[in-house]
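Whenever a hint applies, use it, and build me the whole structure from the sequences.
Number of protein chains: 2
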Amino acid sequence: MRMSQLFLRTLRDAPTDADVDSLRLLSRAGYVRKVAAGFYSWLPLGSRVLRNVERIVREEMDAAGAQEVLLPIAQPLELWQQSGREQLYGPLMFRISDRKDAGYCLAPTAEELITATVRGEYSSYRDLPVNLYQIQWKYRDELRPRFGLLRSREFLMKDAYSFDTDAANLRKSYQLMYDAYHKVFERCALNFRPVRAQSGDIGGDVNHEFMAVANIGEDDFVWCKSCDYAANVEAAVRRSPEPVAPGSQPMSKIATPDKPGINAVAEHLGCAASELLKCLAFETEAGAIGLALVPGDREVNEYALKVALGGVAYEFLDDAAFARFPRLPKGYIGAHNQHIEIAVADPSVLARTSWVTGANEVDHHVTDAVVGRDFQPTVVAPIVVVASGDVCPECDGELSVDRGIEVGHVFQIGTKYSESLGATFTDENGEAHPMVMGCYGIGISRVVAAIVEEHHDEAGICWPAEISPYAVHLIALTGKGATSEEVRQAAVAIYDGLNSAGVSVVYDDRDVSPGVKFADADLLGVPVQLVVGAKGLARGVVERKLRKTGSRDELAIDAVLGQYIGEGAKSRG
Amino acid sequence: MRMSQLFLRTLRDAPTDADVDSLRLLSRAGYVRKVAAGFYSWLPLGSRVLRNVERIVREEMDAAGAQEVLLPIAQPLELWQQSGREQLYGPLMFRISDRKDAGYCLAPTAEELITATVRGEYSSYRDLPVNLYQIQWKYRDELRPRFGLLRSREFLMKDAYSFDTDAANLRKSYQLMYDAYHKVFERCALNFRPVRAQSGDIGGDVNHEFMAVANIGEDDFVWCKSCDYAANVEAAVRRSPEPVAPGSQPMSKIATPDKPGINAVAEHLGCAASELLKCLAFETEAGAIGLALVPGDREVNEYALKVALGGVAYEFLDDAAFARFPRLPKGYIGAHNQHIEIAVADPSVLARTSWVTGANEVDHHVTDAVVGRDFQPTVVAPIVVVASGDVCPECDGELSVDRGIEVGHVFQIGTKYSESLGATFTDENGEAHPMVMGCYGIGISRVVAAIVEEHHDEAGICWPAEISPYAVHLIALTGKGATSEEVRQAAVAIYDGLNSAGVSVVYDDRDVSPGVKFADADLLGVPVQLVVGAKGLARGVVERKLRKTGSRDELAIDAVLGQYIGEGAKSRG
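First to last, the sequence lines map onto chains A and B.
Just add 1142 to the spot in the first sequence (first one is 1) and you have the working numbering.
Just add 1142 to the spot in the second sequence (first one is 1) and you have the working numbering.
I should point out that these hints are in silico values taken from the structure, not numbers from a laboratory.
Misleading hints may appear alongside valid ones.
Which copy? The list can't say, so a pair holds if one copy fits it or any two copies do.
What the hints assert, rightly or not - Quick list of in silico lysine to aspartate or glutamate cross-link-like pairs, EDC-like style, CA-CA up to 20 Å: (1) K1314 x D1204; (2) K1242 x D1159; (3) K1176 x E1220; (4) K1367 x D1510; (5) K1242 x E1284; (6) K1687 x D1651.
A quick note: this is a predicted structure, and the numbers were derived from the prediction, not measured.
Next up, the structure:
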């Protein structure tokens, strides 16, 4: 493609509302344009990049035995009512009415329709397993669309759905997808980690998020510096410290006037926050009052607390709730409070000889509160939010907490949808069972943004070879001099040669200064730049610059073709 | 792909609401499934076929220099209000509101957004021409979705838009697309004709519809059996008959009681309908009363009449209007009526010596009415609807009227959108002008249906090679006998060999009867069937059947690979 003909205008400045590097650079380099909040147009360069990611995903899905389908974007709301998800999505789902007032949504995902589809065709254990996927536009009416393509309202997603006869077979289908996702994100050159995610409310499901490491990421995740352990913050656990022998000092009350917070009390007493016991009061859906007990410098993992409660739903007390419980004085609750029915302690609560905690009386705390003597947990379970420096639960390594972009998610759903939508199969004995499902998503347009977040520098984007819109960026320094026509002819010869060899080239044949050409080449981010200039030409060479490293060398013009024929296969966009 | 694993159930009977062959066969053969009225899912075979058509279109668009983009499906209504098309589309357009009550539509086409996009990037004559296309889902809330994929509410469409500096350059861009469309539809093996379509209301635009000939088609079109002339019925003209010398018999009134219709009068008088003059009364938007005069056996082309009136809008009188004009007795109006202000006569009116026409008096007609003596046309212009057997306007050939499916449309728009949306460029002198646009559509999903309408027989679909989901349908007649395992091994060897050679194969490895395998193969419609059976195997051959012709021959097993390596390139689906 000649740049004189390419539909492209690079921008000196990013749009003022571009709030992340990926959107800033993809806008400046003319890959995308914002149409409305959360809606983007993909211009020619962007469309090539998007299709490259799409191609990688398709190839790996096909290789893993998944079969491609295409479901309608507009789907009958009725299906979503049957599964109960219409209400769950609420205003997140775009809805439309047709001229006969039949209700449709713009599908945010497709579990319902795919389940109904498989139900319509398959009915026997002999038919299974089957794994169907589509690459289709999806919709979510985000409250705050932001971060450009990372959280847009219209996005391209690959969603796959597997159907099996039982949980053991589901695990096989799941592993195939899990492995395929590794290949996809490796080919996309992302620094990613599959992290264990919290299971669903019923506690039995397995699922992993594939996180691309990025400061801009919206999600924290935990990973071990020594082994493969990784989990999102809700699901992450640490190796808890060992219990210690209890202290023997008697518990004593002290005045802490007007100091309801951990840090204020610690400062007042001249001790560390970690010496105080944090007591968070909650009420279960059954009306029981409980405390979550963790060291004063730690947070409570709300999801882990629910698991510790056996899946019982609860809410932390807010001011209105505190007003109903005068014997739980906010800010001064102690673990030895006689009015609580449940006390869930993190194992680390057993790892101190004694604690400073509330006195269950306003403006007072107690010191030397001892587990087992002064207060008695009803449940001991890991409920702290894991932090950097904690110990890995699977080895002695150190855990680290980083931010990431969720680029993929694999999930063992089970029978939720097959039961609500009646997708059953008959087994060898003629008995009917619901099919056992897995679902597997990749945010194709989000992956493009995640790649840019990872692969860029001050000057612009640095595309990985398989994603780049072109394999080679050819620059002709034609200038105004007597050699101008020679340079142009040499560049055209290289351009034609590479094209004939199937190597995709963008050729800057514009009548602009070398500085503009170099800056645009760096901004666009094609991995290899070839520069044809008069001086090199006199010696029969062109300069080659690798965008990522900035390293330069010279290639004999005769050798250029041989060098890049291999690149054609990598970047077919 | 092994059929034992392919997500496919063929159906003995088509869904009862399938109203055309394409939907009946694509449903029975498991290519598509209806989700709701006008919404379809594409199952694995269907998705491969759809992508084959998409690939052909993409290749030909790229070869013609168009650049691919991707615009949002959900587009701000504001843009459509600026162009005035929001109201024009009315209930045909699906609308959505987001959670902040901002209005969007599901785009039925994209002139507005593409114009705004080009306006945002380009501003100089040096930037032009540019041609941008996308392959994206489109939406129309049809009053009566029908004919399956031919008139669905969600459909995949290629829409391209060219921008030029002037009409002469637009014609060049238009010709490139016109030629590319020929290549696309030839590769799709459609029997098609580009037909001239009526110009827009302003009369100056040029556009062609690409019609696939099909009995089920919703549109009539006219074509010459001897030359390239073709036009849709609104735009079609014929070579008018030559004028003849007027007759000399005096006009005389006759009683035709209770006979207001052409046929009743002709029967009453014992003459042909073509001897009567049909006088259709109309009222222009300015309030003038006129008659359209054509032979009694011909219809008036309403579009041509408007052109003959210089673009003035008019309406034929209905009963309420006739009540306002007592001097125009419905069914008995004659061309010599003194109260009309305009009389538009087709040239054929001058090609008879005299006419039978109304007497402008209820229950009476006149005979021997002579043009120029008894009545005087104010305009003579071609206004009859062309019929089979008429003479071609460009040669002496015979015209034929057939039905067709509009699979593509190319249109010289001009400056309608660039003016309303402010897409201007500055010329060499710094003067601003609106860009001159063309737009070019292909209904990708409709093309799939049109191909099936043309390429099928009683037994099923007969895909053209480039469209077929697979190049080869391999059938193993394993049976129950001692040779069963040998047959299976031979089939697997051929299957593996073809796959390795890049030839796409669907291999029927199912444990079903030969009859079921043959019937499914014919239904699915892959162009080449290879049958491996015990008897042939003993002689080292497999049977080859060509789906389209039913012809059979035998191939030495050793020669199969050599035969089909070439097919891989044709059907890459």
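Tested hints:
no. : hint          : verdict
1   : K1314 x D1204 : within (16 Å within a copy, 42 Å between copies)
2   : K1242 x D1159 : between (40 Å within a copy, 19 Å between copies)
3   : K1176 x E1220 : between (33 Å within a copy, 15 Å between copies)
4   : K1367 x D1510 : neither (36 Å within a copy, 106 Å between copies)
5   : K1242 x E1284 : between (28 Å within a copy, 11 Å between copies)
6   : K1687 x D1651 : within (18 Å within a copy, 53 Å between copies)
Hint compliance for this structure: hint 4 is the single one not met.
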